[in-house]
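Asker: Sequence:
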Amino acid sequence: MKIDPNHLHMLSAIIDAGGLSEGATALNKSQPSVSRSLAMLEKRLGARLFEKGKRPLRPTELCLTLAEQGRVVAKASEAAQTAAELYSRGKAGTARIAGTPIFMDGVISGMLASFQTAFPDVTIHQTYGYLPELSEQLSAGLIDLAICPVNANAVPPKLSFKPILRGRNVIACAPSHPLARKSAFKLEDIAAYPWIAPPAGSPLYEDLRMALQSIGITDFRVSFTGGSLASIFSVMAGSNSLTVLPYSVVFMQSTTKIITALPVKLEHPERELGLLWDPDRPLRPAVKRFHKFLEAEFTGLAQRIDEKGRQDVWRR
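Counted from 1, the sequence shown has number 262 at position 263 by numbering that gives the first Met the number 0; the numbering is strictly sequential.
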């Protein structure tokens, strides 16, 4: 026999509230409506649910058994309502994001930690990629949001792009590097040291070549290439190697004391770090919330970088 879960909830409400009228009030229903439902249920069961003529109402053994299940139904209903509210407000659900490795590991990872502290019921699925593959994944619906540097004139068709941080590159090294310990040095001094190159084919690899050309270095020796950001940091810590990195990556590592920027002004790329998404695929609430969170985080980061830049790298 199939019993309406609402009827089970009704029995638990009547018992827990202490009477028919009180139970109807708890259920936000009229007493006549609850009385009719109770009579229909008794007829269907072929048994009384409350002892006849007893005041206050005295539940039968069957009623007590069914009411216990009604409490389970009520708890499940409350849990479902809470889950639906959290989901619709973007406080639960999933967000599939992807981005260029250097930015994801050097900048976004810390922001992800803050986001998940604030919204622990949102699950983030993160992968890596560069613009061509990220564009394909967005169009295919494999990811919800991409975070990567893009030239404003080269935004892939049918995708929306929101700039969040303008491009700024620096020559980076370990704080123990000989050039970092000098109060002043000449540009030709830089050419004597080996370089760590980003993975071939990455936008940052081209930035390295162009940055060195802008300061007159055309012949340079690459000692390490293709590694992760963590491996780049490790190689720099144990050698006198230099590399070119986005200043935002160096800035985010300022408290760790494992990397610093040399006071050399480079020509910055025309690209801007930004958010890419497919406007034809509606963003789920959790993705929208993460989208807004990143915009706010990068607004604050850009302000802090500008303040630091006015007194540091950009004016030397």
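Check the hints yourself; a few may be wrong.
Said to hold, decoys possible - Under the rule of at most 20 Å between Cα atoms (straight-line distance), these lysine to any residue pairs were calculated in the SDA-like manner:
id, residue 1, residue 2
1, K291, A117
2, K291, R180
3, K161, Q212
4, K1, A83
5, K74, P4
6, K185, Q212
7, K287, E67
8, K157, K264
9, K264, E306
10, K42, A73
11, K185, A210
12, K287, Q125
13, K291, K28
14, K90, E77
15, K287, L7
16, K264, A191
17, K90, E67
18, K42, T24
19, K28, K90
20, K291, H124
21, K185, I214
Hints listed in this document are in silico derivations from the structure and should not be mistaken for laboratory results.
Nothing here was measured: the structure is a model prediction, and the numbers come from that model.
Asker: Which hint numbers does the structure go against, in order from smallest to largest?
Answerer: 2, 3, 4, 7, 8, 10, 13, 15, 17, 18, 19
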